[in-house]
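Engineer: Those sequence lines, one after another, are chains A, B and C.
Each residue of the first sequence is one higher than the one before, starting from 1 at the first, in my numbering.
Each residue of the second sequence is one higher than the one before, starting from 1 at the first, in my numbering.
Each residue of the third sequence is one higher than the one before, starting from 1 at the first, in my numbering.
Since the hints were made in silico from the structure, they are not lab data.
Bear in mind the structure is a predicted one, so any value in this text is a computation, not a measurement.
Virtual Cβ for every residue (Gly too), placed ideally from N, Cα, C.
Keep in mind that a hint or two might mislead.
[Unchecked claim] Restraint-style ranges between C-beta atoms, simulated for each label pair:
| hint | chain 1 | residue 1 | chain 2 | residue 2 | range |
| --- | --- | --- | --- | --- | --- |
| 1 | A | K397 | C | K154 | 38 to 44 Å |
| 2 | A | E105 | C | D83 | 31 to 37 Å |
| 3 | B | A216 | A | D122 | 55 to 61 Å |
| 4 | B | E68 | A | E105 | 53 to 59 Å |
| 5 | A | D416 | C | D83 | 56 to 62 Å |
| 6 | C | G114 | A | K580 | 39 to 45 Å |
| 7 | B | Y47 | A | K132 | 49 to 55 Å |
| 8 | A | V166 | B | S304 | 40 to 46 Å |
| 9 | C | K154 | A | D400 | 57 to 63 Å |
[Unchecked claim] Chain B stretches covered by chain C per the calculated footprint, using a threshold of three residues with CB under 8 Å from any CB of chain C:
| hint | region |
| --- | --- |
| 10 | 1–11 |
| 11 | 45–56 |
| 12 | 105–115 |
| 13 | 234–240 |
[To be verified] Non-contacting residues of chain B with respect to chain A, defined by C-beta distances greater than 10 Å in every case (computed):
| hint | residue |
| --- | --- |
| 14 | V193 |
| 15 | L202 |
| 16 | G203 |
| 17 | N204 |
| 18 | Q277 |
| 19 | E286 |
| 20 | M301 |
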Amino acid sequence: MSAEYRFIGKATPRKDARDITTGRAKYINDISVPHMLYGKVLRSRHPHANIKDIDTSKAKALAGVKAVLTWKDVPDWKVGNPLHLRVLDSKVRFVGDTVALVAAETEEIACEALELIDVDYDILPAVYDVEKATEKGAPQLYDQFPDNILPPIAPFMGDNVLQNIVIGDTEAGFREADVISEGTYAYENIPNPLPPEPPGAVAEWESPDTVHLWISSQGPYFDRMTLFYMLGRKVNVKVTACQCGGSYGSKGNSSPIFLQAIMLAKASGRPVKLCLTKEEHLNAFTLRLGSRIQGKVGMKKDGTVTAISGNWLVNTGYYSLITQGQVAVGLGEAQLIVRCRNWDLKSKVVCTNRNASGWIRGFGGQELISALFLLLSDAMQKADIDPFEFFRKNFVKYGDSTIWRDGLWWTSKVIDFTKSMDKGAEAFDWYKKWQGWLKPTSINGTKRRGIGVGVLGNADAGEDVSESLIRLDPTHHAMLYTSICEQGTGQRSSLCKMAAEVLQIPPEHVYIVPQDPSVSPYDFGSVGSRGTYAMGAGVIKAAEDAKQKLFELAAPLLNAGAELLDTRDGMIFIKDKPEKIIPWRTAMGVTRTIFGYGRHEPDFSLCNILMSFVEVEVDIETGKIDLIRVVNATDVGQIIDPPCLENQLNSCIGSAAIDSAIFEETVLDDSNGRMLTANLIDYKWRTFADLPEIKNVILETPFPSHRFGAVGVGEITTAPGPSAVLMAVSNATGRRITEYPATPDRILKALGKL
Amino acid sequence: MKHFNHVNAASVDDAVKLLGNSRGKASLMSGGTDLLGVLKDRILSDYPETVINIKTIPDLDRISEDAEGLRIGALARLEDIAQSPTVKAKYKVLAEAAAAVATPQIRRMGTLGGNLCQDVRCWYYRYPHHLGGRMICRRKGKGPCFAIKGDNRYNAILGAKSCFAVCPSDTAVALSALKAEIRIAGADGVRSVPVAGFYRPLGNVLKKDELVTEIAVSCPPEGCRQEFMKLTQRGSVDFSMVSVASVITLRDGICVDARITLGGVAPVPFSAVEAEQAIIGKPVNEIDAEAASEAAVMNAMPLSRNAYKVEITKTLVKRAIMKGLLSGKEIS
Amino acid sequence: MRDNKKGDTVKKKVVKRATATGRTIGQHNINLVVNGNPYELLIGKDVNPEHTLAYTLRETLGYTGTKISCDHGACGACTVLMDGKPVLSCMTLTIECDRRSVTTIEGLEDPKTGKLHPIQQAFIDHTAFQCGFCTPGIIMSSKALLDENPSPSKQEIEDALAGHYCRCISHYHVLDAVSDVIRKSEVK
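Produce the complete structure using the sequences and hints provided.
Structural biologist: And the structure:
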């Protein structure tokens, strides 16, 4: 494939590479504006309480303090889906919830002021368990949500957003089955994606109706738009997105922080920077969903799934920003990986008194399948089906119909994924290593090796709308206007490369506007693996549009129809008579630029795939797991930038992914609501000293996506790993391990040593 | 951080005087890799008025050996101890323990004295004040031990009564197995305490005007075999889940001396006396490492979530003994 | 001093640059060299005892290339070189850095020609970063390693970087980049 293209498929230095490696790249905490104050948050020590009284007089009197805000001082701004969480409220709903805000000349003064705020709480009972929260008599977090169940809506996904899968006849399906598996399984260790850069914002009111916000984000246009609506459509919101120090989806949940910075800036009359500490990042910012499935699966011996029924209980913590949307995508993805005609799977999104879960890479799918696979693997084991064969058989095929997140049936136009699965299995040596369920691949003293496999696909690869503009300059350069942040995927550079390929000018001559949605058109954001297809399509169309206009200007000068022309390196020529050639600037004139426009409409007919094979080694005397090897297999249609793609696939051991099955978890003490993993030693993450071997098998079979036939895959690279690891650990130890993470105590207990 | 005054100590006597004058409102700073974390999180109700920098005291970072043994200044960096040819050759268990601490940067900055004196890592004790209020527990002067009924997976299984936090120092475990002494200077003069005796259930034996100046390690027995084993979930950063340091001496095929110390399981570096006695005096081929490891944990009283530590302790003790008995590499 | 890019607003701090003739007389100060530039920081004015080196570098002197992530010494993002050795600037008090020489990420390129240090170039060539937040710290530790040991093994590189938190998982490309620097220097 790469041979066809000059730039696509070849490694290109990222446009921000020099800035990053020299320290010039500006992240949110590097921003400083004149007269800037520092914002800090007073946080609740109780998991559930009403604020009876709050006295801020001493804090306000402290020298250097310029604003102190409580729920009484601020407008009724709410976030959430539906809008339910007041940004400053008279009620606190988790340990760490916002009680008051302070802006002061220095961070130290702001911290000192927090100590001077006296709060009188009326303590309420708290609930943490997703089932207990829905029982009669459970503590209620919101008056408008009886039984703590959030309404099954997600307006931006349409009126019929998928919250339940009810298809066919599950009773008949169960009767057909050779084996039945039933039980309750959970993925509830609520790991934190924990990008290195904590979230934050700087807000400055430039006039009574204009606020300028600097943010760390993945979707600046979308942020700007939602803030506009949150501020009652009365405020012009200018957004400058900084270089983003990692997000993995999580910074999509930043609107409370944005609004807090805006409030403090308004109240103090000065710019305010509000950046979270790492402790706040761990305990008061986005976690993965809690996912519990009480279900039943029917399966035939040939791996056909005859029925799936159950209740999927989703714990969203103290509020939902987009959880119902994650449920919708999760349910859609479940159908992509399991071709089943009979479903009765119903969801409930429940709020509880802990820090909130929200938008994270894997987006509901990882959380659902990590629990659902335990149900499926039990059935596979009973039927003695090789799990790789199961996934190979059951993964969505061309022509299959599934209900996607919008509640509509979509017919899949995917390529044949079995080839990439087979290549992955070959690279991993699956058939040689697979010994059967609960059988180790090898034994060496006290060390047992076992293997597992998992898979996910996401039909959001072409989701939502993207618009792009591109400007051609008579200097033979181009400027791309796309609302895209750089948060690690290299997508800003890859989009320039796509434009370069269409326009046949070097990528170094394609520039991209700063991350400012005042300048660039609508885009949902660089999320959900949509960058390559959806954003790419918008850019390609814009470049094609601009090229067409260029050719229309050149045509009379070359005495040929525009359709007969081509361009390379700033020169336009007749395809059949390349000696008839003129430069862009002759066609355009030096006082003209050309604008092209491109728009991508949502397309849920294509999904991507990521299959992860893992090999672990378990020491059965200590319960310690070593991750030995990972093989990721995918087909992306066309690689845009090889190292960027490799990086994305390698991150299967990053942001709350594979390691959420090994050592990564947020520990909640349900006797007092405190999250105990409050630093980077107690919260476990993978180090340079623990690197497994990773091999990425990447096929390129063109997708019917856009000109380059490519789709993205980065968002789902985290998703199949956790369940694959539990499978591998179970096989290594000969015991079914069904709890996340599989820490030494759980392994030793399963082995009967405790 | 909240403001504090800062002063450089010119000598040990100067440091003692500064401590004495501070009326208990000063903190000593060596590498700073523990102190600054404690101060940033405001985990303690008291905050020092003054930080006394002792890195300015000359000659307190030496690693030297004489006829009696090894002498390490309290300010010796962990990295230097780990890489010292002398320590690696004759006090291998200490070199390995120092090399196992945290990360390269922390070993570069952290000192032996600091590693021995660092505060406990119990996550109730360490809960950051700005998140939801520090947790006032028994160790902080009043209140319950939250670990007893809470999530105690990393807490003690041996020797704990009022506080179930474990001693976090890897070097303390190794030094205890080497029967090292900690030299302390204070207003009342200098004194020595064995490493095992340095720790108390709720802290250590240092008085308010005292500081650690040196660690003295007598020459280990001729031909002894030293092992340090540390189990963590990751290859870097982590404190020990469980660790074992062993110094085993064989003579003519008989175990004549054994010192086995456990880490990560007790408020102090825990001498596994029963395990030692199970192998001392026995010929190598009669040593039952399994039985000795059972003896090591015979008095274990695990809490609700840390029974796994009993199993891991047994495993590491057994492995340390086996490796010590089987390894041909003797320390001379 | 950091670049004053158009649109940036640099918060001006009045910090006295040490002159070639020596220190200011009569005031308690800290003399610090950063990337070859001497600074004289007046205690109580330019620096307080509780200021960490990370804070001073970033907020007082404008070297925002050094990042603060965990601010507790566990992640390595704030790593700078102090007299050539990697230290955690967030766990270092500026007031204890008198007469020390610090190198930050900004100090690696040639200030006159803009030529990048081979490690920086290798990171670019291998896309040894994704979000880039951890990159300055990793580059500094890599430099310290190669300055001390020009031909480390892969294990030694991993060990040297074991104190660095990278969540995007650029580890593999980082190892490739560092290995590339080693290879090229051996060829020379």
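Engineer: A separate judgement is required for each hint: does it hold in the structure or not?
Structural biologist: Going through the hints against the structure:
Roughly 42 Å separates the CB atoms of K397 (chain A) and K154 (chain C), a value that falls within the hinted 38 to 44 Å. Take E105 (chain A) and D83 (chain C): their Cβ atoms lie about 34 Å apart, and the range 31 to 37 Å holds. For A216 (chain B) paired with D122 (chain A), a C-beta distance near 59 Å keeps the hint of 55 to 61 Å intact. With their beta carbons about 57 Å apart, E68 (chain B) and E105 (chain A) fall inside the hinted range of 53 to 59 Å.
Look at D416 (chain A) against D83 (chain C): about 60 Å separates their beta carbons, and that is inside 56 to 62 Å. Between G114 (chain C) and K580 (chain A) the beta carbon distance is about 42 Å. The supplied range of 39 to 45 Å therefore holds. The beta-carbon spacing between Y47 (chain B) and K132 (chain A), approximately 40 Å, falls outside the hinted interval of 49 to 55 Å. Distance hint check: the CB atoms of V166 (chain A) and S304 (chain B) are about 42 Å apart, consistent with the given range 40 to 46 Å.
Separation of K154 (chain C) from D400 (chain A) is about 45 Å and departs from the stated range, judged on CB atoms against 57 to 63 Å. Under a criterion of three residues with beta carbons nearer than 8 Å to beta carbons of chain C, the stated coverage of the region 1–11 of chain B is upheld, 7 such residues being counted. Coverage of the region 45–56 of chain B by chain C holds [criterion: at least 3 residues with CB-CB distance below 8 Å; count 3]. Taking a C-beta to C-beta cut-off of 8 Å, the region 105–115 of chain B contributes 4 residues in contact with chain C, enough for the three needed, and the coverage statement holds.
For the region 234–240 of chain B, the stated coverage by chain C is satisfied: 3 residues place a CB nearer than 8 Å to a CB of that chain, which reaches the threshold of 3. The non-interface label for V193 (chain B) is consistent with chain A: the shortest C-beta to C-beta separation is roughly 28 Å, beyond 10 Å. Consistency note on L202 (chain B): stated as away from chain A, and its beta-carbon is indeed over 10 Å from all of that chain's, at 21 Å minimum. Residue-level check passed: G203 (chain B) sits 21 Å from the nearest beta carbon of chain A, beyond 10 Å.
Once the 10 Å rule is applied to beta carbons, N204 (chain B) is consistent with being away from chain A; the minimum gap is 21 Å. Every CB of chain A lies more than 10 Å from the CB of Q277 (chain B), the least distance being 23 Å, so the non-interface label holds. Chain A leaves E286 (chain B) outside its interface by the beta-carbon criterion, the shortest separation being 23 Å against a cut-off of 10 Å. No beta-carbon of chain A is positioned within 10 Å of the beta-carbon of M301 (chain B); the least distance is around 14 Å.
Hint violations for this structure: numbers 7, 9, all remaining hints satisfied.
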